[in-house]
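Undergrad: Sequence:
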Amino acid sequence: MQPLTEQQLKQSFVNTSLRERNSISIPSLDDVRWDELDYLGWRDRKIDNVGYVVAWVDDEPVGVMLRTGNGRTRTRPQCAWCEDVHLPNEVVFFSAKRTGQAGRNGDTVGTLVCAGFECSANVRKRPPLAYVGFDVEAARQERIETLRCNVTRFVSAVRAR
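In this text, residue positions in the sequence shown follow my numbering: the first is 1, and each later residue adds one.
Just to be clear, a hint being listed does not mean it is correct.
To be verified - In silico lysine to aspartate or glutamate, DMTMM-like type, Cα no more than 20 Å apart, as pairs:
hint, residue 1, residue 2
1, Lys10, Asp58
2, Lys10, Asp30
3, Lys46, Glu83
4, Lys46, Glu6
5, Lys125, Glu145
6, Lys10, Asp44
7, Lys125, Glu83
8, Lys125, Asp135
9, Lys125, Glu36
10, Lys10, Glu60
11, Lys46, Glu20
12, Lys10, Glu20
13, Lys10, Asp31
14, Lys10, Asp59
15, Lys125, Glu137
16, Lys125, Asp35
17, Lys125, Asp107
Hints were generated in silico from the structure; no laboratory data involved.
Please construct the entire structure, taking both the sequences and the accompanying hints into account.
TA: Encoded structure:
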């Protein structure tokens with residue numbers, strides 16, 4: 001992921017009002033390892049059920065504000081973005097308001113995602129050896145590319161008109 005400034009992050013949000021955009025609490029960017037991220041995601045420090053994701057789509061940063069669902073699942077769900085079956089973290093349901101008139105009418109898009117947006121770290125873990133001759137590095141690269149595609153697809157669905 002390409003590095004972004006606080007101002008670039010705030011300007012990237014497509015499904016927020018001006019008031020919501022100005023009140024976004026941006027995390028410290030000093031320790032962010034941009035080269036190890038496929039998207040930047042964080043939870044709001046002030047509002048428990050709000051999260052933010054910024055991804056590069058068509059050579060521009062696109063930010064999406066997300067809200068967690070209220071319900072609990074009966075079984076442990078799988079993250080739809082990193083698709084990791086050995087998750088060391090919780091997965092929660094997030095929904096995002098669509099852009100434009102659809103969003104103003106209440107239309108949303110939802111998905112199951114790692115609660116703290118740990119997907120980039122999850123896909124970079126060395127996968128277990130599946131069989132003799134299994135190319136671990138190729139499998140890891142495929143997981144990284146799949147994550148990028150899944151995040152881009154979700155962000156694009158939020159922007160769809």
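Undergrad: To test your reading of the hints: which numbers does this structure violate?
TA: 3, 17
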